[in-house]
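Student: Listed below are the residues making up each chain.
Protein chains: 2
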Amino acid sequence: MEIKVIKNIMQKYQDLAQVNRSLLDSYNIFSINIMSSPGAGKTTLLEETISLLSGDVKIAVIEGDLMTSRDAERIGKKGVPVVQINTQGGCHLDSSMIDSALKQFNLADLDIVIIENVGNLICPSTYDLGEHEKIVVISVPEGDDKPGKYPVMFQEADLCILNKVDLLPYSNFNVDNFLQDVKKLNPDLEIIKTSAVTGEGMDYWGQWLKNKIKK
Amino acid sequence: MEIKVIKNIMQKYQDLAQVNRSLLDSYNIFSINIMSSPGAGKTTLLEETISLLSGDVKIAVIEGDLMTSRDAERIGKKGVPVVQINTQGGCHLDSSMIDSALKQFNLADLDIVIIENVGNLICPSTYDLGEHEKIVVISVPEGDDKPGKYPVMFQEADLCILNKVDLLPYSNFNVDNFLQDVKKLNPDLEIIKTSAVTGEGMDYWGQWLKNKIKK
Numbered sequence: 093m094e095i096k097v098i099k100n101i102m103q104k105y106q107d108l109a110q111v112n113r114s115l116l117d118s119y120n121i122f123s124i125n126i127m128s129s130p131g132a133g134k135t136t137l138l139e140e141t142i143s144l145l146s147g148d149v150k151i152a153v154i155e156g157d158l159m160t161s162r163d164a165e166r167i168g169k170k171g172v173p174v175v176q177i178n179t180q181g182g183c184h185l186d187s188s189m190i191d192s193a194l195k196q197f198n199l200a201d202l203d204i205v206i207i208e209n210v211g212n213l214i215c216p217s218t219y220d221l222g223e224h225e226k227i228v229v230i231s232v233p234e235g236d237d238k239p240g241k242y243p244v245m246f247q248e249a250d251l252c253i254l255n256k257v258d259l260l261p262y263s264n265f266n267v268d269n270f271l272q273d274v275k276k277l278n279p280d281l282e283i284i285k286t287s288a289v290t291g292e293g294m295d296y297w298g299q300w301l302k303n304k305i306k307k
Numbered sequence: 093m094e095i096k097v098i099k100n101i102m103q104k105y106q107d108l109a110q111v112n113r114s115l116l117d118s119y120n121i122f123s124i125n126i127m128s129s130p131g132a133g134k135t136t137l138l139e140e141t142i143s144l145l146s147g148d149v150k151i152a153v154i155e156g157d158l159m160t161s162r163d164a165e166r167i168g169k170k171g172v173p174v175v176q177i178n179t180q181g182g183c184h185l186d187s188s189m190i191d192s193a194l195k196q197f198n199l200a201d202l203d204i205v206i207i208e209n210v211g212n213l214i215c216p217s218t219y220d221l222g223e224h225e226k227i228v229v230i231s232v233p234e235g236d237d238k239p240g241k242y243p244v245m246f247q248e249a250d251l252c253i254l255n256k257v258d259l260l261p262y263s264n265f266n267v268d269n270f271l272q273d274v275k276k277l278n279p280d281l282e283i284i285k286t287s288a289v290t291g292e293g294m295d296y297w298g299q300w301l302k303n304k305i306k307k
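Protein chains in written order, with our numbering: chain P, 93 to 307; chain Z, 93 to 307.
Possibly wrong hints are sitting among the right ones.
Intra- or inter-copy, both count: the list cannot distinguish identical chains.
Stated by the list, open to error - Below, in silico cross-link-like pairs of lysine to aspartate or glutamate (DMTMM-like), each with a Cα-Cα straight-line distance of 25 Å or less:
| # | residue 1 | residue 2 |
| --- | --- | --- |
| 1 | Lys306 | Asp220 |
| 2 | Lys285 | Asp295 |
| 3 | Lys285 | Asp258 |
| 4 | Lys275 | Glu292 |
| 5 | Lys170 | Asp237 |
| 6 | Lys169 | Asp237 |
| 7 | Lys169 | Asp273 |
Since the hints were derived computationally from the structure, they do not count as laboratory data.
From just these sequences and the hints, can you work out the full model?
Tutor: See below:
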């Protein structure tokens, strides 16, 4: 009986994810769900991405956080539409939250919707929000052992961004070990190395996003 | 009806936490539950702590991870008893897992049991495992905005370790902002700054632990 209830709820979320994706498709909008540990640099990466693509690409952002609206305020300063979702303690976004957020945008005027999930390398990994691709961001200071320890996130991802590579000289992060561990979990997962500080990889990442635009 | 079931389960975990604490008390063992984001440096901090206290203090470690036993292998090399708990995807440890783990130790021969929780700044914060004190580790590369964004962890903690302070020169982490934000959430929370690389704060942290020993 209880299992049935849980199944129904999960099915409801899955159905709503499909509704979100169909809505985005009807406007030819490409959408990504960016996930990482707290402090891996998602918001800073987004700020730089918006600066890089402004003029060419019309971006909106959905920010997920437990409590504050700090990230939405940072993104809002870049001049793009942004909605903050506060999960009030919830450890991941879900498709019903994205459904509500999408209603706040003028979708006809957008090319890309970027969803920044709650900082958590575990819980968000298995929730379909209706995005087109899932991106996991991992930062050098977290260590090269994270793929093996948080495998589902790397198995589910369509792209991995290895961020804060400017800190490699001050870290014992072994890039070869990291790449090998990722390959074991998800052989086709593309990895882009980035640094918002030095700008390394940012042009490639910007082009990766541009190539996904549907109109 | 369903809420009742959830209440019962939570009560069961709470009761078992008390059983664990009573068991530890009966052996005069002090226990801590260390929590942080993935990659904040918990395991390295533990390795250094064991080196620092070996000879004086008899330590055992319970390692929590989704899948691997890498951390337990690292701790085992330091020559202390260690048990690995694999949560198989679960985003936090619970008191029944600690109950099972404690049965693996010769408690009469221990001064301190250190529990390293799953890397997650959200879900572990509200689960009592039967520890005596909760410690949150936050690392400089994660950014100074984390207390406001993950408030429950800082409200629940008895001690905060600000780790990887050797990376402050390569970061825009503002220590004063961080301390102010922590004070708003938990005015009496003690904060120790550490670096396993330079050794900063490690003697103080070792002495903090020694002062807690009950025999």
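Student: Would you mind marking each hint as holding or not holding in the structure?
Tutor: Against the structure, the hints:
1. Lys306 <-> Asp220: Within one copy only: 21 Å inside, 49 Å across.
2. Lys285 <-> Asp295: within (11 Å within a copy, 37 Å between copies)
3. Lys285 <-> Asp258: This pair counts as both: shortest intra-copy Cα distance 10 Å, inter-copy 23 Å.
4. Lys275 <-> Glu292: within (22 Å within a copy, 37 Å between copies)
5. Lys170 <-> Asp237: between (34 Å within a copy, 19 Å between copies)
6. Lys169 <-> Asp237: between (35 Å within a copy, 17 Å between copies)
7. Lys169 <-> Asp273: Between copies only: 22 Å across, 38 Å inside.
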